[in-house]
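Chains as they are written, first to last, in the working numbering: chain P, 1 to 118; chain R, 119 to 258.
If you are wondering where the hints come from, they were derived from the structure by calculation, not from laboratory data.
It cannot be assumed that every hint is accurate.
Which stretches of chain R does chain P cover? Using the computed rule of at least three CB atoms under 8 Å from a CB of chain P, they are [what the hints assert, rightly or not]:
| id | region |
| --- | --- |
| 1 | 182-189 |
| 2 | 235-241 |
Taking beta-carbon pairs under 8 Å as the criterion, some of the chain P residues facing chain R (in silico) [to be verified]:
| id | residue |
| --- | --- |
| 3 | 36 |
| 4 | 47 |
| 5 | 104 |
| 6 | 105 |
The following label-pair restraints were derived from C-beta to C-beta distances [unchecked claim]:
| id | chain 1 | residue 1 | chain 2 | residue 2 | range |
| --- | --- | --- | --- | --- | --- |
| 7 | R | 247 | P | 6 | 17 to 27 Å |
| 8 | R | 227 | P | 66 | 50 to 60 Å |
| 9 | P | 105 | R | 189 | 42 to 52 Å |
| 10 | P | 53 | R | 189 | 41 to 51 Å |
| 11 | R | 156 | P | 63 | 32 to 42 Å |
| 12 | R | 164 | P | 112 | 25 to 35 Å |
| 13 | R | 169 | P | 114 | 40 to 50 Å |
| 14 | P | 63 | R | 138 | 42 to 52 Å |
| 15 | P | 108 | R | 123 | 25 to 35 Å |
| 16 | P | 35 | R | 233 | 38 to 48 Å |
| 17 | P | 108 | R | 222 | 56 to 66 Å |
| 18 | R | 253 | P | 112 | 12 to 22 Å |
Quick reminder that beta carbons are idealized off the backbone N, C-alpha and C, glycines included.
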Amino acid sequence: MDLGLVNPAVRIALDGLMLRQEAIANNVSNMSTPNFTATNVEFEGALNSALAMPGIGTATTQSFMSTAASEAPRKQDGNNVSLEEQTLLGTETNLRLELTLRAAEGRFNAIRTVLGGS
Amino acid sequence: MLSIFNISSTGVNFYKNSLDAIAHNVANVNTVRTMEEGAVRRQSVVGSSNTSPAPSMVGTGGTVGAGVSFTMVQSASGEGLVTYEPEHVLANEDGYVRRPDIDLTTEMADMIIAQRGYQANLAVVQRATEAYQAALRLGR
Numbered sequence: 001m002d003l004g005l006v007n008p009a010v011r012i013a014l015d016g017l018m019l020r021q022e023a024i025a026n027n028v029s030n031m032s033t034p035n036f037t038a039t040n041v042e043f044e045g046a047l048n049s050a051l052a053m054p055g056i057g058t059a060t061t062q063s064f065m066s067t068a069a070s071e072a073p074r075k076q077d078g079n080n081v082s083l084e085e086q087t088l089l090g091t092e093t094n095l096r097l098e099l100t101l102r103a104a105e106g107r108f109n110a111i112r113t114v115l116g117g118s
Numbered sequence: 119m120l121s122i123f124n125i126s127s128t129g130v131n132f133y134k135n136s137l138d139a140i141a142h143n144v145a146n147v148n149t150v151r152t153m154e155e156g157a158v159r160r161q162s163v164v165g166s167s168n169t170s171p172a173p174s175m176v177g178t179g180g181t182v183g184a185g186v187s188f189t190m191v192q193s194a195s196g197e198g199l200v201t202y203e204p205e206h207v208l209a210n211e212d213g214y215v216r217r218p219d220i221d222l223t224t225e226m227a228d229m230i231i232a233q234r235g236y237q238a239n240l241a242v243v244q245r246a247t248e249a250y251q252a253a254l255r256l257g258r
């Protein structure tokens, strides 16, 4: 039974951001791999357009996520991972994660207040 | 879940082995060998990306990959640098020995790259830890 305790958009955003962190981890670990192409994770666009439509609560997280090959310029060895870009993206993703978690927490706190807990 | 740690550990492992190879090269930069034996071979580590999807990507239709695996490669020939050192104990009757074809400058540059790569992967682990900790605080 879904009590609707977690907003579906929050759930999808958390999954998407976590997956983006995984993609960043993979890109950084392949920083020196010849001919490696960096992967980007996209979900915001799909989530944004889905929020305008009803029935998002039943949607699976997977249907919102897509991966795309980075089109950054390649280095001499054919690798196109940019460490500075990945670091920036990772920091930003972490901040977004924290923000999303706070949104979920706000809901929990409201429910706790209703239940009369502390 | 927690697959960031697995992915980053492959990266850390890759750069650790790179450092091992560099240590071998630098340690042997002055190793002299006889003409018959062949020079010390330069070692290096070459990475290739793991294409199997990370556990959390199964069923999503996309892949973010699962880190890096590597192979240790040695320079194919033991030719090295043939130098004329007739006074050396290992010299052949014509006075030649083999020194390894290892350039200390290249090794030092590679070492810095490996060191930074190692740190970068650990920084990802650190960030993932922060993210997981934030998630664990949820609902407290």
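Outcome for the supplied range 38 to 48 Å, where the beta carbon pair is residue 35(P) and residue 233(R): About 23 Å separates the Cβ atoms of residue 35(P) and residue 233(R), which means 38 to 48 Å is violated.
Beta-carbon spacing of residue 156(R) to residue 63(P) - inside the hinted bounds 32 to 42 Å or not: violated, 59 Å
Chain R contact restraint for residue 47(P) - C-beta distance below 8 Å: The hint is violated - residue 47(P) has no Cβ within 8 Å of chain R, the shortest such distance being about 14 Å.
Residue 108(P) versus residue 123(R) beta-carbon gap, inside 25 to 35 Å or not: Cβ of residue 108(P) to Cβ of residue 123(R): about 27 Å, so the range 25 to 35 Å holds.
Beta-carbon spacing of residue 53(P) to residue 189(R) - inside the hinted bounds 41 to 51 Å or not: holds, 49 Å
Supplied distance hint 56 to 66 Å, evaluated on CB atoms of residue 108(P) and residue 222(R): Given about 59 Å between the Cβ atoms, the range holds.
Satisfaction of the hinted span 17 to 27 Å by the C-beta atoms belonging to residue 247(R) and residue 6(P): Given range 17 to 27 Å: holds, Cβ gap about 23 Å.
Coverage claim, chain P over the region 235-241 of chain R, checked by counting residues with Cβ within 8 Å (three needed): holds (count 4)
Distance restraint hint 42 to 52 Å, applied to the beta-carbon atoms of residue 105(P) and residue 189(R): The hinted range 42 to 52 Å holds for residue 105(P) and residue 189(R), with Cβ atoms some 47 Å apart.
When the least beta-carbon distance from residue 104(P) to chain R is tested against 8 Å, hint result: Hint holds; residue 104(P) Cβ to chain R Cβ min 6 Å, cut 8 Å.
Within 8 Å of chain P (C-beta), three or more residues of the region 182-189 of chain R: With 5 residues closer than 8 Å to chain P, the region 182-189 of chain R meets the three-residue bar; holds.
Hint check for residue 112(P) and residue 253(R) - Cβ pair distance inside 12 to 22 Å: holds, 18 Å
Going through the hint list in order, the structure does not satisfy hints 4, 8, 11, 12, 16.
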